[in-house]
Amino acid sequence: MRRFLRPGHDPIRERLKRDLFQFNKTVEHGFPHQPSALGYSSFLHLMAIGTRSGAIKVYGAPGVEFMGLHEETNTVMQIHFIPGQCRLLTLLDDNSLHLWTLKQTHSNMSELQEERHFTLRGPPGSPPSATQVTAILAHSSQELLYLGTESGNVFVVEIPSFRVLEDRTISPDVVLQRVPEEYLNRRSLELVEALREHPQNPNQILIGYSKGLIVLWDLINNKATHHFLGNQQLENLFWQRNGRQIISCHYDGSYAQWPVSSDDRQPEPLESKVPYGPFPCKAISKIYWQTTKNGLPYIIFQGGMPRASYGDRHSISVVYGNQQTAFDFTSRVIDFFVIANADPLAEFDDPSAMVVLAEEELVVIDLMSPGWPSVQPPYLASLHCSAITCSHHVSNIPLKLWERIISAGSKQNSQFSNMCVHLPGKHEDGTVRFWNASGVCLNLLYKLSTVRVFLTDADPNDNLNQMGEDEWPPLRKVGSFDPYSDDPRLGIQKIFLCKYSSYLAVAGTAGQVLVMELNDEEAEQVVDHSEADLLQDQEGYRWKGHERLKTKDGPVRFEPGFQPFVLVQCQPPAVVTSLALHSEWKLVAFGTSHGFGLFDHQQKRLVFVKCTLHPSDQLALEGPLSRVKSLKKSLRQSFRRMRRSRVSNRKRRTVQEGISRHDHDALQEIELAPVQRKIEARSAEDSFTGFVRTLYFADTFLRDSSRHCPSLWAGTNGGTVYAFCLRVPPAERRMDEPVRAEQAKEIQLMHRAPVIGIVVLDGQSTPLPEPLEVAHDLSKSPNMQGSHQLLVVSEEQLKVFTLPKVGSKLKLKLTALEGCRVRKVTVTNFASCKSEHSENDLAVLTNLGDIQIISLPALKIQVRYPCIRKEDVSGIASCVFTRYGQGNNMVIHRLPSSIVLGLGSLSASLLVLIFKALNGLSPVYLKERLHPHRSIQTLRSSAEGLLAVPSLREAKLQEPGRGLLVVAPALWNALPPDVKENNNYQTFRRHLKSALFREAVNV
10 MRRFLRPGHD PIRERLKRDL FQFNKTVEHG FPHQPSALGY SSFLHLMAIG
60 TRSGAIKVYG APGVEFMGLH EETNTVMQIH FIPGQCRLLT LLDDNSLHLW
110 TLKQTHSNMS ELQEERHFTL RGPPGSPPSA TQVTAILAHS SQELLYLGTE
160 SGNVFVVEIP SFRVLEDRTI SPDVVLQRVP EEYLNRRSLE LVEALREHPQ
210 NPNQILIGYS KGLIVLWDLI NNKATHHFLG NQQLENLFWQ RNGRQIISCH
260 YDGSYAQWPV SSDDRQPEPL ESKVPYGPFP CKAISKIYWQ TTKNGLPYII
310 FQGGMPRASY GDRHSISVVY GNQQTAFDFT SRVIDFFVIA NADPLAEFDD
360 PSAMVVLAEE ELVVIDLMSP GWPSVQPPYL ASLHCSAITC SHHVSNIPLK
410 LWERIISAGS KQNSQFSNMC VHLPGKHEDG TVRFWNASGV CLNLLYKLST
460 VRVFLTDADP NDNLNQMGED EWPPLRKVGS FDPYSDDPRL GIQKIFLCKY
510 SSYLAVAGTA GQVLVMELND EEAEQVVDHS EADLLQDQEG YRWKGHERLK
560 TKDGPVRFEP GFQPFVLVQC QPPAVVTSLA LHSEWKLVAF GTSHGFGLFD
610 HQQKRLVFVK CTLHPSDQLA LEGPLSRVKS LKKSLRQSFR RMRRSRVSNR
660 KRRTVQEGIS RHDHDALQEI ELAPVQRKIE ARSAEDSFTG FVRTLYFADT
710 FLRDSSRHCP SLWAGTNGGT VYAFCLRVPP AERRMDEPVR AEQAKEIQLM
760 HRAPVIGIVV LDGQSTPLPE PLEVAHDLSK SPNMQGSHQL LVVSEEQLKV
810 FTLPKVGSKL KLKLTALEGC RVRKVTVTNF ASCKSEHSEN DLAVLTNLGD
860 IQIISLPALK IQVRYPCIRK EDVSGIASCV FTRYGQGNNM VIHRLPSSIV
910 LGLGSLSASL LVLIFKALNG LSPVYLKERL HPHRSIQTLR SSAEGLLAVP
960 SLREAKLQEP GRGLLVVAPA LWNALPPDVK ENNNYQTFRR HLKSALFREA
1010 VNV
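Residue numbers (the working numbering): 10 to 1012.
Keep in mind that the hints are not guaranteed to be accurate.
Restricting the straight-line Cα-Cα distance to at most 20 Å, the calculated cross-link-like pairs of lysine to any residue (SDA-like) are [what the hints assert, rightly or not]:
(1) K869 to Q242
(2) K291 to N240
(3) K291 to S281
(4) K814 to Q757
(5) K833 to M793
(6) K561 to Q545
(7) K619 to F697
(8) K486 to Q332
(9) K112 to P133
(10) K754 to H785
(11) K456 to E531
(12) K820 to C734
(13) K814 to S774
(14) K820 to Q757
(15) K456 to I406
(16) K613 to P624
(17) K295 to Q242
(18) K553 to E531
(19) K808 to T729
(20) K456 to A532
(21) K66 to S51
(22) K833 to S864
(23) K456 to V565
(24) K456 to G39
(25) K879 to R830
(26) K486 to V328
(27) K486 to H323
(28) K232 to K295
(29) K833 to S883
(30) K619 to V565
(31) K295 to Y329
(32) K302 to R250
(33) K420 to N528
(34) K818 to E751
(35) K789 to N838
(36) K822 to G766
(37) K814 to E751
(38) K595 to P719
Hints listed in this document are in silico derivations from the structure and should not be mistaken for laboratory results.
My request is simple: use the sequences and hints to build the entire structure.
Here you go:
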């Protein structure tokens, strides 16, 4: 029988929907993904960053940001601002040039627009290197570009027309006319490495060639006036402000000063120096020579460190008189610039700051303050300084709490220079960072560390790169990026902040739940411990995962801010998967893959625990870092689903073809109900059915319709909903009488789909307010006269039940109708900007990356917007909704946290063990089991330090330890050569961390 929908729609509702629901991307926080180029305009005070995906982001004063995207997704290689104009030029890795301009639109808004693009072409038959651009000079005339190429030619191009002036091309043959013969016999020019304009005379430019030759070129007479004969491979050039000296830096780690005179004498270097010699050093890729009023210059250069001992460091050195510091960065340096006096008529540079773009963060160094401290940038906050494990958004922070958090954060930032809505982010190193997300710029307010509570190798003040004052080179670590946690068990997985009571609950990877309270003063206190056995001493279960974190005995000193006063340790110490805090009842609920519990943090006692583990689910006892045994079962289940879906699709197509053949004409004017997909029920024996997905506190009618009581609801991965009645003593007897709990209901969804969210609606179909929200007059009291309703959101459908009988009332089969699954859901308040109308609806994010707004309690889909690419699984998994219609998602940074967590505990520990065995730092019997790879022929891999991987048959014959024989050599051989060749333990460890993180990001 066919079912038909009612035709037509409500025009009033349609207009209201357009007013209520408008999807717009408002702001993008965080650090650009994979930066590749940096540009700076001292005239406009703008900084531009290009990425590997072809994006350009321009930053000015705090709040001034522009973004452009090339049509091609090629890497941005160079960025140059056109002097004196609101234009910039980009060079992509496909050798195309793009001209961008900041234009004002009709609505008085400025935006970055691409004006035109151009690719330099050579004569027919010429090789690609003839026109491959390697250096760019945007001339101060604002009309010309000088393009240096791999062939050694310098082409002159007009802008904005991009017309090549062929008669003004500077060819290598012309350049070499006055070069001494003995110099020519030793080397060729090769590619153009650098182009610089004379700071005082725009009619002269400096051309630097890769083999070391530097030429001063007269643009008026079109000839070379001076040749600077360098003997080392050239990396870059710098021209002093007065134009009397040039500085060249070279591949061997040296730099040289050359005088620029008006006579025809052959210039000789005034000084040639290897700052970190005499041993072989890395190349100095860029250098600044900044003059000051007191006569001492600032010499700032990138690289130059000794290759053998510090070849893995990413450093920029600053030398000023007797002061010298090598700033050490934890990620690769892309580029840097120095902010100095921008007046071209000024006599001295007088630098004030150095801005460094690293691969994972932006670092600013104050050059005017003693000690050259770091400056907190007003934007480009490195959210992922430690791998992000989850995020949480809190809206409309009370002013008092806001001021207290800022006050606590200001006491932490004393090490930084003073030169110039609320979003906590949780990290794998056990920290919680509070960010101000109320504006365009994201500012760090306060950092909370949970490491102090536990005994662990991870010291928050530990710094492998920090050296003593007498050490050479004088390295000093800067920046906050640290991609690897020494103990992944510290990772924060869930957080809950009550903005009215200032209570904070955080839960971690090793089953730890900390309850904290905000304190404005430093305190030394004992953290009470309590243990929750979620298995309830059931026989036959043995935890195979990581151990619990050991806690410190005695009092612990805490900084001003959130200070823990009680710790609940789940047993087994599995990852905490859900968390809820009710600050009015002083209760905290927590759940893992084994069950859930309720803790009274006022009396500091456990109320109850409930085990949800299925008897056949042994996989839940293996921990989060071991999933090998489930591979065969997962593949078998996947193939079964694919086979069944093919059969059902074939049947559906047959039915649809029959309908279209016989009734096509009759159904043209009638709207058919959507075809529902057949949804198969999950097996009760599937893995992780006891996984607790959501916890929810509610004051509702659970036992009968005459009395309401506090309750706790829990939803699992197997589609089960548990409801517990709570008896919370009144305030005057709260400390004398215990909180009691009794299970009242248990709901089993038919298809056993995971429960994503639980919401209770009052008598007016309005979601219940948050704890203490009514007491602060920020919400109306819930309606307790009419019957309440329970909304259960699973991955496949949304279903409304009546309370207290728990009778099915209404449902929306989202998967059957739309073919998608629910990933994130929250109740959101939408208000009209044209009237006083507001309503509460459900905001749902699906696995396809779509956002759907669903009305309450009718469960009607209102609008649907594409938000995130469906391939971006990490972006979908990290999305967080707010209560007032905003959404945040960590598109980039979620992936490293989940993958490094797995790699860190298994692969890293084993690789460190292999390193110790090969270098004599472990027992001899381990080294005897590892054999170098031997090849019959001499191959390139012979020098890569490979280990022999035995066959499975050989390994089985050697009991015990056969797993080490196979896994260890395979892991070691997969490492990059630059990691394996290190002989120093600390250097190997740093390289290993970086390699594992890079592998995680590129997955």
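- Does K295 lie within 20 Å of K232 when you go C-alpha to C-alpha? violated (27 Å)
- Item | Restraint check for K814 with E751, where alpha carbons must lie at most 20 Å apart | holds (17 Å)
- Message: Between the alpha carbons of K486 and H323, is the straight-line distance 20 Å or under?
- Response: Between K486 and H323 the Cα gap is close to 10 Å, so the pair holds against 20 Å.
- For the pair we were handed, K595 and P719, check the Cα-Cα distance against 20 Å. Status holds; Cα separation ~12 Å.
- Below or equal to 20 Å on CA atoms is what counts here, so check K814 against S774. Roughly 17 Å separates the two Cα atoms, so the pair holds.
- Message: Does Q242 sit within 20 Å of K869, going by the straight-line distance between their CA atoms?
- Response: violated (69 Å)
- Item | Given hint N240 paired with K291 - CA-CA distance at most 20 Å | holds (16 Å)
- Query: Does the structure keep K619 and F697 at a Cα separation of 20 Å or less?
  - Reply: Distance ~15 Å between K619 and F697 Cα, so the pair holds.
- Task: Assess, step by step, whether the Cα of K112 is no farther than 20 Å from the Cα of P133, and give holds or violated.
- Result: violated (38 Å)
- Message: So if I understand the rule, the pair passes when the alpha-carbon distance is 20 Å or less; does K291 with S281 pass?
- Response: Between K291 and S281 the Cα gap is close to 16 Å, so the pair holds against 20 Å.
- Going straight from one Cα to the other, do K820 and C734 come out at no more than 20 Å? violated (25 Å)
- Would the pair K822 and G766 pass a check requiring their Cα atoms to be no farther apart than 20 Å? holds (15 Å)
The structure is inconsistent with the numbered hints 1, 5, 6, 9, 10, 12, 16, 18, 28, 30, 34, although it conforms to all the rest.
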